[in-house]
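Take the given structure of chain A and dock chain B to it, following the hints.
This is what each chain is made of:
Protein chains: 2
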Amino acid sequence: MTRELTVSVDAMGGDAGPGVVVAALVRAIERHPEIHFLLHGDDVVLNPLLAAQPRLKGRITLRHAPERVTMEDKPSQIVRRGQNTSMWRAIESVKKGEAGVAVSAGNTGALMAMSLFQLRTIEGIARPAIASIWPTMRGRTVVLDVGANVSATAEQLVDFAVMGEAYAQVVFNMERPIIGLLNVGSEEQKGNDAVRAAAAILRSSKLPIAFHGFVEGNDITEGLVDVVVTDGFTGNIALKTAEGAAKLVSGYLRRALKRSLLGTIGAVFAAGALGTLKRNLDPRASAGGVFLGLNGIVVKAHGGTDEIGFSGALSLAVDLAHADLNARITADHRKLDGASQEQEQAALT
Amino acid sequence: MTRELTVSVDAMGGDAGPGVVVAALVRAIERHPEIHFLLHGDDVVLNPLLAAQPRLKGRITLRHAPERVTMEDKPSQIVRRGQNTSMWRAIESVKKGEAGVAVSAGNTGALMAMSLFQLRTIEGIARPAIASIWPTMRGRTVVLDVGANVSATAEQLVDFAVMGEAYAQVVFNMERPIIGLLNVGSEEQKGNDAVRAAAAILRSSKLPIAFHGFVEGNDITEGLVDVVVTDGFTGNIALKTAEGAAKLVSGYLRRALKRSLLGTIGAVFAAGALGTLKRNLDPRASAGGVFLGLNGIVVKAHGGTDEIGFSGALSLAVDLAHADLNARITADHRKLDGASQEQEQAALT
Chain A
0 MTRELTVSVD
10 AMGGDAGPGV
20 VVAALVRAIE
30 RHPEIHFLLH
40 GDDVVLNPLL
50 AAQPRLKGRI
60 TLRHAPERVT
70 MEDKPSQIVR
80 RGQNTSMWRA
90 IESVKKGEAG
100 VAVSAGNTGA
110 LMAMSLFQLR
120 TIEGIARPAI
130 ASIWPTMRGR
140 TVVLDVGANV
150 SATAEQLVDF
160 AVMGEAYAQV
170 VFNMERPIIG
180 LLNVGSEEQK
190 GNDAVRAAAA
200 ILRSSKLPIA
210 FHGFVEGNDI
220 TEGLVDVVVT
230 DGFTGNIALK
240 TAEGAAKLVS
250 GYLRRALKRS
260 LLGTIGAVFA
270 AGALGTLKRN
280 LDPRASAGGV
290 FLGLNGIVVK
300 AHGGTDEIGF
310 SGALSLAVDL
320 AHADLNARIT
330 ADHRKLDGAS
340 QEQEQAALT
Chain B
0 MTRELTVSVD
10 AMGGDAGPGV
20 VVAALVRAIE
30 RHPEIHFLLH
40 GDDVVLNPLL
50 AAQPRLKGRI
60 TLRHAPERVT
70 MEDKPSQIVR
80 RGQNTSMWRA
90 IESVKKGEAG
100 VAVSAGNTGA
110 LMAMSLFQLR
120 TIEGIARPAI
130 ASIWPTMRGR
140 TVVLDVGANV
150 SATAEQLVDF
160 AVMGEAYAQV
170 VFNMERPIIG
180 LLNVGSEEQK
190 GNDAVRAAAA
200 ILRSSKLPIA
210 FHGFVEGNDI
220 TEGLVDVVVT
230 DGFTGNIALK
240 TAEGAAKLVS
250 GYLRRALKRS
260 LLGTIGAVFA
270 AGALGTLKRN
280 LDPRASAGGV
290 FLGLNGIVVK
300 AHGGTDEIGF
310 SGALSLAVDL
320 AHADLNARIT
330 ADHRKLDGAS
340 QEQEQAALT
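Line order of the protein sequences matches chains A and B.
Residue numbers are given in numbering that gives the first Met the number 0: position 156 of the first sequence equals residue 155, and the series is strictly consecutive.
Residue numbers are given in numbering that gives the first Met the number 0: position 295 of the second sequence equals residue 294, and the series is strictly consecutive.
Next comes chain A alone, as it looks inside the complex (with noise of 0.2 Å):
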C-alpha cells in the first residue's frame, strides 16, 4: 500500500479548527509516507500552523480559500453561493481529479449537498448515502443510511446495501459482509412497503449478497449482521438515540458510584477499566461518516473531533482511496442489475 495518493482537506471544518487539523496532518504523515496533502483555507491562518510543523514541509500544498462554511449555514444556501469557501474548494479537488478522496470536519448538511452537486451520484444510483460504523458486542458494524435522506424507495435500499457491502468489505477487510436490513421484526410480514419489497429484491437477487433478511434495533449493537441497511430517517434517528443511551448509562454509573463511600473507593480501584469504558465509546475512535454514492469520496469527520479523530478520519480516506471503493461499488450495482434484467427476461420467456 505505498501507491500515490492525494487527499484533499478542508482545514476550516469541525468546532476545533485549523489547528486540529494541522495537528491531525503531523500524525497522519508518519503513518501513510505515500500520501500528498491538498489544504483548503485561510492561508493568513494556516501559514504560521504550517511553518511550525517543519515534518509537513514538502507534503502538503496550501490552496488558499477565502472563506468557509459555518455550522449555521443552511445546505440549500450555501450550495449556491460557497464557491469561495475551503468546503467547496476540498470537494473541487476530487471533482477535477487532484485529489483522490476529500475530508471535511464541517457542517454535515452542507458538505453533502455541495458533495452532490459537484460529483453527482454514480450512474445507477439515485441517492447517495451516509454510512457510520458501530462498535457491538463482536466488533464493529456498518450502518447506513444515517442522514443523508429522509426516506427511502426499495430501490433505494438495495443500492444501500450494495454501497454497504462494499464499504464493509474495506474497512472490516472481509469477503463476503453480511447484510441485515433494519425492520421491527424479523418475521416476512413485519414492517412497511419500501422495506418488504427490498428484502424481496435482496432475497431474489442473483447478486452474491449475503443477505441475512431483517434485523432488529437492538440487533445493531448485538452485532448480528456487518452491515446494517436502513432509510435516512429511521438511521439518524437510531444513531442519536442509541449516543443518547449510551451517554445515560455512563451517567447512571458515574452518579450511581459517587452516591456511597464504597462506591467512590471502587471508582477510585476501577478508574483504569472506567478508562477503557471511555475509550471504546469515544466518538473519536470511529472515524465519522462516510458519503458513499458519489463519483468521488468524502469522509465527514466528527465535527467535535480531536487530532486523534481528525487522524482517523485521514487514514480512513486513505483506506478506501486505495482500495478503490466507488470501482466496486460501480461492479456490483452492474451486476445486480444484469440479475435485474435476466430475471425480467426469465419472466418474460
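Please keep in mind that the hints were generated in silico from the structure rather than gathered at the bench.
Possibly wrong hints are sitting among the right ones.
Put simply, identical chains are the same to the list, so a pair is met inside one copy or across any two.
[Said to hold, decoys possible] Computed cross-link-like contacts, DSSO-like style, restricted to lysine-lysine with a CA-CA straight-line distance of at most 30 Å:
{"hint": "1", "residue 1": "K334", "residue 2": "K95"}
{"hint": "2", "residue 1": "K334", "residue 2": "K94"}
{"hint": "3", "residue 1": "K246", "residue 2": "K257"}
{"hint": "4", "residue 1": "K56", "residue 2": "K95"}
{"hint": "5", "residue 1": "K95", "residue 2": "K246"}
{"hint": "6", "residue 1": "K257", "residue 2": "K73"}
{"hint": "7", "residue 1": "K94", "residue 2": "K189"}
{"hint": "8", "residue 1": "K94", "residue 2": "K73"}
{"hint": "9", "residue 1": "K189", "residue 2": "K334"}
{"hint": "10", "residue 1": "K246", "residue 2": "K94"}
For clarity, every value in this text was computed on a predicted model and none was experimentally measured.
Chain B in isolation, oriented as in the chain A frame:
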C-alpha cells in the same frame, strides 16, 4: 383514590407464566385495597395457585379460558380464531364494561390486533399507538408510537401528540407536559413531509398543547421534553436500538472491570453502586407499553417480566383507569377538531 374498580387480567401471557401473575396480584392487592380482579386463564393451572394465596380470597373472580396465545401466534390469524384464549377474554371484559382496564404480558402483536378488533378506536382517532416510558437524565419521558403502526400520516402524529399528552398528565401527574416531535434535526425545514406537516398543525393549533417543536434522537434520554411523538416504525427501532446501546455499555463496563486486578477489586467496592445502575435500567421498572386511542385501556406488561414488573403494570392500569385517561383523550381531541374547524372557517371568511 379508593373508588371501586375491576381490572381484567390475562393470567396466561408472558414468558414466566401464571405463577408470576398470581404473585403480582398478591402484591397489587396490598397496594390497592379498592380493586377487584377478573382473572382469565386455565382453571386447572390457576385454581391451585390461587388456593395457595389466602389473601386473594374474595378479591378475585376466576374465568376459565381453555386456550392461550403463544409468542409464535401471528396476529392476523389469532384475531380470527382466538376467541377462546385468555387474552381475548381479558379484552372482552373491558368491551363488555365488566372491567375498567385490561392487563396482559402476552404477544404484543396479538394483543394489539385483538384489542383493535374488539375495542375499535376512539371516534375521530384513526390509529391506536403504543406508549412507552423511558428513563432520562432528568426523570422519565413518554415515547409513542413504539410499534402499533408501521407508518403515520401528519394527522395521526397529531393524534399521538394528544394521546401522549393525556398519558403524561396521568403518569407524571403534570398539568402541561411539553411535547416534541422526533426528527432528524431541530430546524423547521428538516424531515419528511409527515413530520413537517404535523409540526405545522401542532404549532398553529389552538389546542392548549405545549409544543416544543422537533427533537432529535439524543434529546429523548436528555429529557428535553415530556412526550416524544413519532411513527411506530421509527419509534420501535429507536426503542430497541436504545436498549441495545444500554446493554452494550453495561457489557463493556463488566468486561473492563474484569480485565484488571484493580478493576476487579474496584467492582467489589462498587457493587452497591452497580446494583443501583442495574435497578435504574431494569426493564421491570418500566411497566411495559400502554395501548392508547382505543375504546378501553389495555396495558401490555413486559413479556419477560417478573412479579415486581407485572404488579407495576397492574398499578399503572389502576392509575390510568382512575384518572379516566380515555375521557381526557376524547375531550382533548374534540378541542383539536374544534380548533381546526375554527381555523378553516376563519380561512373561508
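**Message:** Please sort K189 with K334 into within, between, both or neither, judging by C-alpha distance up to 30 Å.
**Reply:** Result: close within a single copy only, 28 Å intra versus 35 Å inter.
**Prompt:** Taking 30 Å as the upper bound on the Cα-Cα distance, should K334 and K94 be classified as within, between, both, or neither?
**Reply:** Within one copy only: 26 Å inside, 56 Å across.
**Item:** Within, between, both or neither: K94, K189 at alpha-carbon 30 Å
**Value:** between (42 Å within a copy, 28 Å between copies)
**Homomeric proximity label, K246 with K257: Cα distance no greater than 30 Å** = both (17 Å within a copy, 21 Å between copies)
**Request:** Have a look at K56 and K95 and pick one of within, between, both or neither, based on CA distance no larger than 30 Å.
**Result:** Cα proximity of K56 and K95: one copy only (24 Å, versus 84 Å across).
**Message:** Cα distance capped at 30 Å. Does K94 pair with K73 within a copy, between copies, both, or neither?
**Reply:** within (22 Å within a copy, 52 Å between copies)
**Request:** With 30 Å as the alpha-carbon cut-off, assign the pair K246 and K94 to within, between, both or neither.
**Result:** neither (39 Å within a copy, 43 Å between copies)
**Request:** First find the shortest C-alpha distance between K334 and K95 inside one copy, then the shortest across copies, and answer within, between, both or neither for a cut-off of 30 Å.
**Result:** within (28 Å within a copy, 59 Å between copies)
**Intra- versus inter-copy proximity for K73 and K257 (alpha-carbon distance at most 30 Å)** = neither (43 Å within a copy, 47 Å between copies)
**Message:** Within a copy, between copies, both or neither: which one fits K95 and K246 at a CA-CA cutoff of 30 Å?
**Reply:** neither (42 Å within a copy, 46 Å between copies)
In this structure, the earlier hints numbered 5, 6 and 10 are contradicted, and the remaining ones agree with it.
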